[in-house]
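Student: Line order of the protein sequences matches chains A and B. The opening position of the first sequence corresponds to residue 1 in the numbering used here, with each subsequent residue numbered one higher. The opening position of the second sequence corresponds to residue 386 in the numbering used here, with each subsequent residue numbered one higher.
Please keep in mind that the hints were generated in silico from the structure rather than gathered at the bench. Glycine is no exception: its CB is placed at the ideal position from the N, C-alpha and C atoms. Certain hints may be false.
On the chain B side, residues computed to face chain A include the following (Cβ under 8 Å) [unchecked claim]:
no. : residue
1   : D468
2   : E480
3   : C542
4   : N557
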Amino acid sequence: MIEKALSGNKFYWAWVCFLLAVIAVGVASYIRQFHYGLGITGMSRDVSWGFYIAQFTFFVGVAASAVMVVMPYYLHNFKRFGRITILGEFLAIPAVVMCMLFIFVDMGQPTRILNVILYYTPNSIMFWDMVALSGYLTINVLVGWTTLSSQQKSVPPPKWVKPLIYLSIPWAFSIHTVTAFLYAGLPARHFWLSAIMAARFLASAFAGGPALLVILCLIIKRITKFDPGEKAIKGLVTIVTYALIVNIFFIGLELFTALYSQVPGHMQTFQYLYFGLGGHGKLIPLMWFSTFLAISAVVLLLVPATRTNQITLLFACASVHISLWFDKGFGFVIGGFVPNPLEKVTEYWPTLNELLVTTGIWSIGLLILTALYRIAISVKVELEA
Amino acid sequence: MSTGRRQFLKAAGVTGLLGLVGSPLLKIFAPGELEASSEFREGAALTARRWSLVVDMKAFPTEESYTKCIEACNYTHNIPRMDNEKHEVKWIWPETYEHAFPDNYDVYLSENIESMTFLVLCNHCDNPPCVRVCPTKATFKREDGIVAMDYHRCIGCRFCMAACPYGARSFNWRDPRPFTKNVNPLYPTRTKGVVEKCNFCADRLYRGEQPACVEASGGALIFGDLKDKDSNVRNILRTKFAITRKPDRGTLPRVYYIIGGS
Ligand code: SF4
Ligand code: SF4
Ligand code: SF4
Numbered sequence: 001m002i003e004k005a006l007s008g009n010k011f012y013w014a015w016v017c018f019l020l021a022v023i024a025v026g027v028a029s030y031i032r033q034f035h036y037g038l039g040i041t042g043m044s045r046d047v048s049w050g051f052y053i054a055q056f057t058f059f060v061g062v063a064a065s066a067v068m069v070v071m072p073y074y075l076h077n078f079k080r081f082g083r084i085t086i087l088g089e090f091l092a093i094p095a096v097v098m099c100m101l102f103i104f105v106d107m108g109q110p111t112r113i114l115n116v117i118l119y120y121t122p123n124s125i126m127f128w129d130m131v132a133l134s135g136y137l138t139i140n141v142l143v144g145w146t147t148l149s150s151q152q153k154s155v156p157p158p159k160w161v162k163p164l165i166y167l168s169i170p171w172a173f174s175i176h177t178v179t180a181f182l183y184a185g186l187p188a189r190h191f192w193l194s195a196i197m198a199a200r201f202l203a204s205a206f207a208g209g210p211a212l213l214v215i216l217c218l219i220i221k222r223i224t225k226f227d228p229g230e231k232a233i234k235g236l237v238t239i240v241t242y243a244l245i246v247n248i249f250f251i252g253l254e255l256f257t258a259l260y261s262q263v264p265g266h267m268q269t270f271q272y273l274y275f276g277l278g279g280h281g282k283l284i285p286l287m288w289f290s291t292f293l294a295i296s297a298v299v300l301l302l303v304p305a306t307r308t309n310q311i312t313l314l315f316a317c318a319s320v321h322i323s324l325w326f327d328k329g330f331g332f333v334i335g336g337f338v339p340n341p342l343e344k345v346t347e348y349w350p351t352l353n354e355l356l357v358t359t360g361i362w363s364i365g366l367l368i369l370t371a372l373y374r375i376a377i378s379v380k381v382e383l384e385a
Numbered sequence: 386m387s388t389g390r391r392q393f394l395k396a397a398g399v400t401g402l403l404g405l406v407g408s409p410l411l412k413i414f415a416p417g418e419l420e421a422s423s424e425f426r427e428g429a430a431l432t433a434r435r436w437s438l439v440v441d442m443k444a445f446p447t448e449e450s451y452t453k454c455i456e457a458c459n460y461t462h463n464i465p466r467m468d469n470e471k472h473e474v475k476w477i478w479p480e481t482y483e484h485a486f487p488d489n490y491d492v493y494l495s496e497n498i499e500s501m502t503f504l505v506l507c508n509h510c511d512n513p514p515c516v517r518v519c520p521t522k523a524t525f526k527r528e529d530g531i532v533a534m535d536y537h538r539c540i541g542c543r544f545c546m547a548a549c550p551y552g553a554r555s556f557n558w559r560d561p562r563p564f565t566k567n568v569n570p571l572y573p574t575r576t577k578g579v580v581e582k583c584n585f586c587a588d589r590l591y592r593g594e595q596p597a598c599v600e601a602s603g604g605a606l607i608f609g610d611l612k613d614k615d616s617n618v619r620n621i622l623r624t625k626f627a628i629t630r631k632p633d634r635g636t637l638p639r640v641y642y643i644i645g646g647s
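Okay, chain A solo, but in the shape it has when bound (with noise of 0.2 Å):
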């Protein structure tokens, strides 16, 4: 099957080119930083963390959303999700390996990798989380690849495939639970350490991986021969819409018990994002324009009109999207730095060193996410021809 992804017209080649291209960019961005060291981000002693890790957290949220067209399909037969359950697994692919790469380049001494499992610690989350993600990245490979090329073959995919599948599904839950546990554990965090973090966590991925696929869908009607099927993609909203405004309600619970419990602790960095604190305040805009947009996506989802027009909806899916990679892929990381331990302010902005790298990584993930979608695509269309 792997040659499919070899053969396109040439605008296909055109994307590929450009892809690598800004990896090359990448690569060489990362060879400056592993000289320098991370000093050559905007990451100091006291955000300790930023662009790569928020970008790992939100990634790994997309990863975990693949179950929400996995789930409904095989667990409770809903046929419609037949056509882009290849989709949902071949997202979370690339999803899981921008996750790995971008765990990698934020690591100090990245060539002493392999001490995590040398010296594996059970009572470090970073372990589980290792664990989680490998794990998930080896069934969905499976999964997707012989699910697929046993419908190449017209045959039924082996006896083994079906438990995988049933495992896929707690697994990606797992995986995200797992990514809100390495902060939610932290004594030294008011702002993560809540204990709804991991159901947070879950409700915004089923809102920004789904939102994600229907813009893919949406991409794939119009530029292959493939059609996921009106159905497919209503579906698909029905399941962003809800997770999203369950989100909104989580992150009101979070402000409720902040704002009206007026423990210090916990109102100060929802204070230093939406509102600025002691003067600093480089993410209001960012935040509001998160809120902006998660609330006109409500809007546009819930009202029919705007719902069922191809446009709407596209603008909708993307609001969703990027409301939740400022608020995840952001916010919600630098934000947990500020104020520090000692109650002092120290703002984080991305280098651009660090953004080249950053967009590296997307990259990659979409050289695979298109080769993928390229072989699984040309295997569904010689089907239905």
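Keeping the supplied structure of chain A fixed, place chain B with the ligands upon it in accordance with the hints.
Tutor: Just chain B with the ligands, lined up with the frame of chain A:
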């Protein structure tokens, strides 16, 4: 650096062995007694069941008195002076009450407290979150309570920095060596990409010396065994009211502050 760790392990081994022979030999003496303890072989390690530090604020009258402690640590451990504040490396540093004890702050506190300068450092917590989260055991708690680090094992993930409620940890955002002017050959310099923090002078204890800051403090810092009920630190804590930083986090800090009154 790895020799540092080997030394710790050896020291732990020696402790164990001597423990069999007879623990009275290993009683940790109060600073006064320590000077008299020249019968200590050269290189005989100072050991304890639970090291801890008491900061007596009354004995820190001037800026000079605490600066000396900081400088002693900076020299002993080759702390680089980074030119960018964001990349700062510090093991022990001065803070006001408001920042050292943010949860206990109030605007109407005594002026005396407002003007005090508190030395803050790693608390060598009894229940250290930094150890709990470290994925490689590069940060580990020794038998004697010292929360130590292996710079050679650290992968620079900085999970420990996110986990420490005291901001006690520094990361080498870039190569620190050009920023260490006066190198102490007895302690390793670090490389970029690893975390570091106060090690309660485990290196000096191994050589039978008191921590550098304690030695430089002229009695304001008192170092001793918390598990020995007759030790110097226990005697002070028994009679004077002391506080720890952020006790509500459940970390059980082992650096105590005696603020005032007697
Ligand atoms: S003060 Fe911070 S670095 Fe030191 S032991 Fe406690 S948690 Fe760890
Ligand atoms: S930065 Fe080093 S010491 Fe800290 S958690 Fe990671 S491996 Fe452990
Ligand atoms: S105990 Fe040693 S390492 Fe810690 S602050 Fe004092 S001099 Fe520095």
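Student: Hint by hint, note whether the structure agrees.
Tutor: Checked hints:
1. D468: 11 Å, violated
2. E480: Nearest chain A Cβ about 6 Å off; hint holds.
3. C542: 6 Å, holds
4. N557: Holds - the Cβ of N557(B) comes within 8 Å of chain A, reaching about 7 Å at its closest.
Hint violations for this structure: number 1 only, all remaining hints satisfied.
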